[in-house]
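Take these sequences, add in the hints, and give me the full structure.
Residue numbers (the numbering used here), protein chains in the order written: chain A, 1 to 328; chain B, 1 to 328; chain C, 1 to 328; chain D, 1 to 328.
Rather than coming from a laboratory, the hints here were simulated on the basis of the structure. Hints may be right or wrong, so weigh each one.
Pairs count within a copy or across copies, as identical chains cannot be separated in the list.
[Claimed, not checked] Taking lysine-lysine pairs in the BS3-like style, the calculated list, with each CA pair at most 27 Å apart, reads: (1) 32 x 145; (2) 154 x 66; (3) 16 x 157; (4) 145 x 18; (5) 66 x 32; (6) 95 x 42; (7) 69 x 16; (8) 324 x 154; (9) 95 x 75; (10) 209 x 32; (11) 75 x 209; (12) 42 x 209; (13) 209 x 18.
4 protein chains.
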Amino acid sequence: MTWLDTSYMARKGVSKNKTGATHELTEARQGKYNYVYGPYAKPVLRIRPGDRVIAETQDAFEGAIKTEKDLPSAKLTMPFVNPQCGPIEVEGAEKGDVLCVHIESIEPRGPQPVGTSALIPEFGGLVSNSATAMLNQPLPERVMKYEVTRAGIKFNKSITLPYEPFIGTLGVSPQIEAVSSLQPDYWGGNMDLPDVCPGAVVYFPVNHKDAFLFLGDCHGTQGDGELCGVAVEMPSTTTIRVDLIKNWSIAWPRLENDRFIMTIGSARPMEDAARIAYRELCRWLASDYGFDELEAYFLLTQAGRLRVGNMVDPKYTLGASILKTYLG
Amino acid sequence: MTWLDTSYMARKGVSKNKTGATHELTEARQGKYNYVYGPYAKPVLRIRPGDRVIAETQDAFEGAIKTEKDLPSAKLTMPFVNPQCGPIEVEGAEKGDVLCVHIESIEPRGPQPVGTSALIPEFGGLVSNSATAMLNQPLPERVMKYEVTRAGIKFNKSITLPYEPFIGTLGVSPQIEAVSSLQPDYWGGNMDLPDVCPGAVVYFPVNHKDAFLFLGDCHGTQGDGELCGVAVEMPSTTTIRVDLIKNWSIAWPRLENDRFIMTIGSARPMEDAARIAYRELCRWLASDYGFDELEAYFLLTQAGRLRVGNMVDPKYTLGASILKTYLG
Amino acid sequence: MTWLDTSYMARKGVSKNKTGATHELTEARQGKYNYVYGPYAKPVLRIRPGDRVIAETQDAFEGAIKTEKDLPSAKLTMPFVNPQCGPIEVEGAEKGDVLCVHIESIEPRGPQPVGTSALIPEFGGLVSNSATAMLNQPLPERVMKYEVTRAGIKFNKSITLPYEPFIGTLGVSPQIEAVSSLQPDYWGGNMDLPDVCPGAVVYFPVNHKDAFLFLGDCHGTQGDGELCGVAVEMPSTTTIRVDLIKNWSIAWPRLENDRFIMTIGSARPMEDAARIAYRELCRWLASDYGFDELEAYFLLTQAGRLRVGNMVDPKYTLGASILKTYLG
Amino acid sequence: MTWLDTSYMARKGVSKNKTGATHELTEARQGKYNYVYGPYAKPVLRIRPGDRVIAETQDAFEGAIKTEKDLPSAKLTMPFVNPQCGPIEVEGAEKGDVLCVHIESIEPRGPQPVGTSALIPEFGGLVSNSATAMLNQPLPERVMKYEVTRAGIKFNKSITLPYEPFIGTLGVSPQIEAVSSLQPDYWGGNMDLPDVCPGAVVYFPVNHKDAFLFLGDCHGTQGDGELCGVAVEMPSTTTIRVDLIKNWSIAWPRLENDRFIMTIGSARPMEDAARIAYRELCRWLASDYGFDELEAYFLLTQAGRLRVGNMVDPKYTLGASILKTYLG
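In structure tokens:
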């Protein structure tokens, strides 16, 4: 028995912690990828709670940037970026439920160098961009290709970064909106939060019948904030196990691993993302862990942790967490 | 000849400043209203550049708040608020064009008191809300009903506000997204900017074939910022004339009236909306009025004006303007 | 009798609306100018409530930029910019009182072209700067000199802007802090708000014995936001009349003219400045005009106005106002 | 030899890594504590580079909150909070140098329960406050007293938090300003960043002759963001060793420990603090570690870390760091 057997997913999931069928969502089965999170696309797969999905994700550029000479401005056509697998229907999911995603593994897929990063004009955390608009000239465009294996990521001749993969974009459909896969929000989406990695269980509020799960945009690693806006982007083979908790009303995504529970907020300015995340965590401590809300507020003041996912996307994403050791 | 005959719309519009057919978009013809700006709804009307549309808009609550005792939390079902007329197809519109909307008139529609305002829990500019999340208790819910006529708006026994109507939510469909009609963005939407009023011409970047024009959410009047989040909401009979400018690439909505030209930005934090608006205005002065960009930057430093539309919606909206008298 | 005789200053001021002595605060009498608002400088003048002061202010660069070839980076030495007249002691002022400043006139002073504007590296509202730090290269430095007279400001050959002078930096000392004259805050300071102009009465919370009034940084005109950070800076002869209201506790500056009352907030992000200003205005309406706070919240939603002073200083400044016609 | 012998402080410090005299800055020697960081207070101590100081700091309330029944609003008088030891003159320090502070130890001082936290009206990260002003009613005031020893902090009957002390407020005087000890800024001050802990060396830009070092506000532990605004506040005996690096121009505080180098930014909104910190880190990597600035931008995108110090003070503080293992 592992911590996973004590997770919310295991204790409350419809599957009663039993793994069901395994589905392969290959490139061929996916066909056309998606560029919005919404209810208007035709589902590519229908699964049951407890089932496993092995998905072939594309990188954020859908493979268009093949060498360090392929400039993003020439190769990309907005808004057709950050392609997503899905939508995957999950049987029985309804508004007011929670969809659980346990991330089992993420492997790079395709020929080396499989990882891509880039400086894209008017995009990024330390440059004039479409939201924080300035008159300064843009930086030069630049592309970096990285070899990515389990052994590490070759940043340059002298630096190898550890392979710490995670899913950049993961979530469910809004109820009636269809929103760019570049945006994170209460349904998940482009959170770019490194804790969404193998071992974690992520919880999303279901907004639409059958949930409509999407995923894509895997990263070989990423620093806090995803500073230039482009992590180590890579196509992947990603394995997840999906479950469903009925009648659990949450306002924003939550996450659990062996060490902590986390709530995730996405907003601008950044302090609003932190406020959302911390308020949700106060509420979680109050609803499930026997704290009153002000006591939770004190505890998080002394022991809460914040992780900055992205500071570059249409909303910034922060995760607020507390160690399970304090939760009894 | 009026200023209108010298407007961009008149000079560059496909209709060559000729008014075409008049279309009545009644409640009956509209049928179901829309709650997203997007390309997935079925058009209710197809018009040609130069045509006039007379639309019966609903108030932001679709009439659900009939008396001061009808509490919003009991009467409203999210996300089904801020109902929009449309989509209206405009023949010949393509991505890269500009849709022009000249607002001719806005009249209140329905039995008095026809105006509604309200304090809604976790919504508004001076309260803890879903984006700026806090632990404080919400304010009490409260509803105000106002008599609204051309003669004025009865705020209370001693205060009558002038009737200064405008369209709160107006714009075109994004290319592949379908976004809540509560949100303003580069396609227009819920800008809640009082300058979008009779007499003005508003310009929107077309993102989708046939433009897909939406409108709704008329206000009898509104202060800067729409402070509590709910202006004098009213159903209306609104008359607009629509035209099309081919191959004019603009990034954000623009507006023109007899006195000034304006660019409109929507973002959070508020300074980012101001930056967007002012950068667009620099660019407009550079592309069309013979300024170099830095000279425009100086001129706006000394003579630019900012209008705060809303400080309550998912993005805040500001308009930056410059008097036409300075433009030669 | 003018509106001024019905102002707070006239009704509640210690001087009982009687004008006292006139004091000339010439360059010679001022001697060294001040670069901080604080209690540590030696007063240059002691006056009584009701007295008039005629002050010779310097421009924000203390005259160091004499021609369009004098680059700011070569001519300015931080933090010795934005020189201020004062401190002026006001007899009888104590913490918990309000200092009133009626601005009577502002005249340009010195040889033409007397007005200066400039693009300063890493400073301004549409460029990477020390607070919103980016990697983009700075814009080129540039200086503009403008002839400024009562007849107008020669922006260039074809554009003459109206002469609409105001005091950019005006306020009182904090209690124990001494803060850069570049910063606006609850004590006033570098608000760069065009409503602080001849005709207006401005109210400041007194924080320190004898108030310690400072002023400087007059502008010939300025657009909303002071976009590039440098308005039409000019040395001036400025005439003010000062009064004192005992035991009036206000948290932020307030302003009154013949048409409206205004509250002024300074903060970042910009929405926080708007929130401060509007909350103070709610409180003013509740304390002095017979509204309950929620009724005031509704009224400002429908009829409040926002003016953006600056979007470039260490804090952004906004004024929220309401017409006196609504106040009975 | 430890990492410390390879630190900037050891390699570049005037003391040549030799420890000098030890000075005891007791309560008696300090006398009156300081509430501003500025050049106007009389120094209490004069030391040489290399010297050690053992300081008796007060808690942020100067001991005024003795029991859980002592409400902050009754016991505190603004602006006399967050008392600071100092100013300490450091011989030879001049503008353009860097002051180095190695934190050797922090011990709680005084009778148990020595730790204090509190909910203070209109203050804190998840409530309406003086900067993010709202109309909601404040939370109830509440005080918590905690026993703090090296063995841990008794949060309540079932939770003991680890003793992880750090200096909440540490820095040097601005050149001519005197700013509240509640504010963090480029001179350090109230950063509330848990990495400023025993073992770390912190670097500050000297702005004033003899540097004028201040310190105070030690915390027994604190979560990221210091959520309610009041960590485990405690009086302490804190030991630091001070050194001086001549002619090293840095714009913001920097920090070094055995694992990483960090740059520290303080600003609002929060993303501006992140931008400052990351830009400074790009510049540090470029000036001292052989990266070009864009390569540094890429590296931090993949491997940078952000720590949120406070999200409650007049400016928010974030530290951006990179592991030394990547720096060759």
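Right, here's what the structure says about each hint:
1. 32 x 145: within (25 Å within a copy, 50 Å between copies)
2. 154 x 66: Close inside one copy (17 Å), not across copies (55 Å); limit 27 Å.
3. 16 x 157: neither (49 Å within a copy, 34 Å between copies)
4. 145 x 18: neither (40 Å within a copy, 47 Å between copies)
5. 66 x 32: Result: close within a single copy only, 20 Å intra versus 47 Å inter.
6. 95 x 42: both (19 Å within a copy, 25 Å between copies)
7. 69 x 16: neither (51 Å within a copy, 46 Å between copies)
8. 324 x 154: Between copies only: 17 Å across, 35 Å inside.
9. 95 x 75: between (39 Å within a copy, 19 Å between copies)
10. 209 x 32: both (22 Å within a copy, 21 Å between copies)
11. 75 x 209: between (36 Å within a copy, 23 Å between copies)
12. 42 x 209: Classified as both; 13 Å inside a copy, 22 Å across copies.
13. 209 x 18: within (23 Å within a copy, 48 Å between copies)
This entry does not satisfy hints 3, 4, 7, going by the numbered hints stated previously.
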